[in-house]
Amino acid sequence: MADLRELYQDVILEHSKAPRNYREIGGASRKVEGYNPLCGDRYTIYIDLENNSIRDISFQGSGCAISKASASMMTQSVKGKTKDQAEELFNSFHNLVTGQTPPNGTEPDIGKLSVFSGVSEYPVRVKCATLAWHTLRAALEGENETISTE
Amino acid sequence: MISSAKISLSESYSTQDLGRFDVQRVRRDFPILAREVNGRRLVYLDNAATSQKPREVIDALIRYYEQENANIHRGVHYLSQRATEEYERARKTVQEFLNAPHWSEIIFVRSATEAINLVAQTYGRRHVGAGDEVLVTAMEHHSNIVPWQILCEEKGATLRVAPMNEQGELMLDAFGDLLSSRTKLVAAPHVSNALGTINPIKRMVEMAHSRNIPVLVDGAQAVPHMAVDVQALDCDFYAFSGHKVFGPTGIGILYGKSRLLEGMPPYQGGGDMISSVTFEKTVYNKLPYKFEAGTPHIEGAIGLGAALEYLMKLGLDGVAVHEHDLLTYATDRVGALPGVRLVGTAKEKASVLSFVMDNVHPHDVGTILDQEGIAVRTGHHCAQPVMDRFGIPATTRASFALYNTREEVDALARGIEKVREVFV
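Just so you know, the protein sequences line up as chains S and D, in that order. Heads up: the first sequence at position 5 corresponds to 4 in numbering that gives the first Met the number 0, and the numbers run straight through without jumps. Heads up: the second sequence at position 253 corresponds to 252 in numbering that gives the first Met the number 0, and the numbers run straight through without jumps.
Treat the hints loosely; a few may be bogus.
Claimed, not checked - Part of the chain S face toward chain D, derived, beta carbon under 8 angstroms:
id, residue
1, Tyr-7
2, Leu-12
3, Ser-61
4, Gly-62
5, Ala-64
6, Pro-122
7, Arg-124
8, Cys-127
Honestly, the hints are just simulated from the structure, not real lab data. These numbers come from a predicted model, not from an experiment. Think of the CB as a built atom: it goes at the ideal place given N, C-alpha and C, for glycine as much as any other residue.
Looking at chain S on its own, in the form it has when it is part of the complex:
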């Protein structure tokens, strides 16, 4: 069970059971749906953008514990950030869950998101962890549609 706990850390399980910012934002400036056809995970991300900053962000949808916890913690970590800062976090998070070291060798501190480091040992679960983040990126790039991990 030790290995499994690396993946299913308590923080992840807790967020999957009680996701934060799990609501719709009425009149959101961006609304994008992310879909992983492999496992049927489906989330809608709502963003309220103000002067290039994420004033508010929320999500709704269904999927596995990893994808839901990731979406939940993502909304917490990018709220109040600029688009560029969110993009930086995306890259750091992506490196973390794919087990890659960034070019300069030092990873910026991503705080609580580091609980997802165990995902790198489970290659087929990387898409679960990154679904919400890919959806966020599409939303920030101005797309208003469904994006797919495939």
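Given the structure of chain S, go ahead and fit chain D onto it with the hints provided.
Coordinates of chain D only, in the frame set by chain S:
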């Protein structure tokens, strides 16, 4: 000669072994079952995705490449004759396995998927027109939906779907009501890959034939589990994949009645499917070669032949009894676990135990079971309309084969209890 000798052999084996199927002996025939995964003895319950291979099949592939490799149907040299003999012997084994009337009705293709596409693109394009209908069922694999959608879109025809009930059983009356003068073909699965439902194919064929409608049966999930007799079923086409029935990947079978195959245009053009070629005119080869363009998957066909010989030697009646016992045990054991709901509870079922767990996504179930060395499939099983029918995004699917045991079902049940421990 060869085929009649084999028939008597399989008969003597099946009579001997009926009712005392020795699963431990069978397991020793499958080398991979002895390996470990994540430090545990492998419990392989993903047989509906693909099956493991017995030593006979692995040896046949090695023997082919070490002793017989050559191209077929054209060389005068020794090896080419040997390879041709083995390839054609495999075809006769398939004929015997399906009890097809003629060896020339057995066409080697890549997979059940290719077999269905072949029929859609040849028979379908010739016989389905604007305003016509193709009838499938609500429990299809995508491979028995999309080829017909492509055809219907091209021809201005309509794809109709016969419904199923809450247990995952085809609603036979509704199926009958959908048969009409517009229906040009029925395509249905013998066994549902996502639910395990065994369809009443013989009855469905009778109903369709009473209106002169031909029937294609997708047998991919049936042939590993039960004896199939295409003459008894009287179906017009029967498709299956080699790798699900203990043979190699990349080889599959289309059986078709000669009368229909004769009237169909070729699927692909190329070498081997012709009698003569000039730049002005090509005369196509006779059955089955008309549908086998290019150098085929020779070792795949030989490996499939070895797999079917193995299966017939074992005796499919004994296999069916063993698997029925196993599925009943698994249904009781897993179905009784708290928070587990079985999806697909048809009275007539084979091999498949699909389920969902309260508050746990199938993907998480699959990962945790994998840590226990248990291989299951999670997701929509290439049958999204089936998931939609039951209002769920995905299931966890354990699917059994002749080498699985009650102890493995117990391991599955313990694994599911672990899942609950993690998520409670």
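Here's how the hints hold up against the structure:
The beta carbon of Tyr-7/S comes within 5 angstroms of a beta carbon in chain D, closer than 8 angstroms, and the hint placing it at the interface holds. Taken as an interface hint, Leu-12/S checks out: its beta carbon lies about 7 angstroms from the nearest beta carbon of chain D, inside 8 angstroms. A cut of 8 angstroms between beta carbons decides the hint on Ser-61/S: the least distance to chain D is about 6 angstroms, and the hint holds. The restraint placing Gly-62/S at the interface with chain D holds, with a minimum CB-CB distance near 6 angstroms, inside the 8 angstroms limit.
With its C-beta approaching chain D no nearer than about 5 angstroms, Ala-64/S sits inside the 8 angstroms limit, and its interface hint holds. Checking Pro-122/S against chain D: minimum C-beta separation of about 11 angstroms lies over 8 angstroms; hint violated. Hint status for Arg-124/S: holds, given a least beta-carbon distance of 6 angstroms to chain D, under 8 angstroms. At a threshold of 8 angstroms, the smallest CB-CB gap from Cys-127/S to chain D is about 6 angstroms, leaving the interface hint in force.
The structure fails hint 6 only (numbered hints given earlier).
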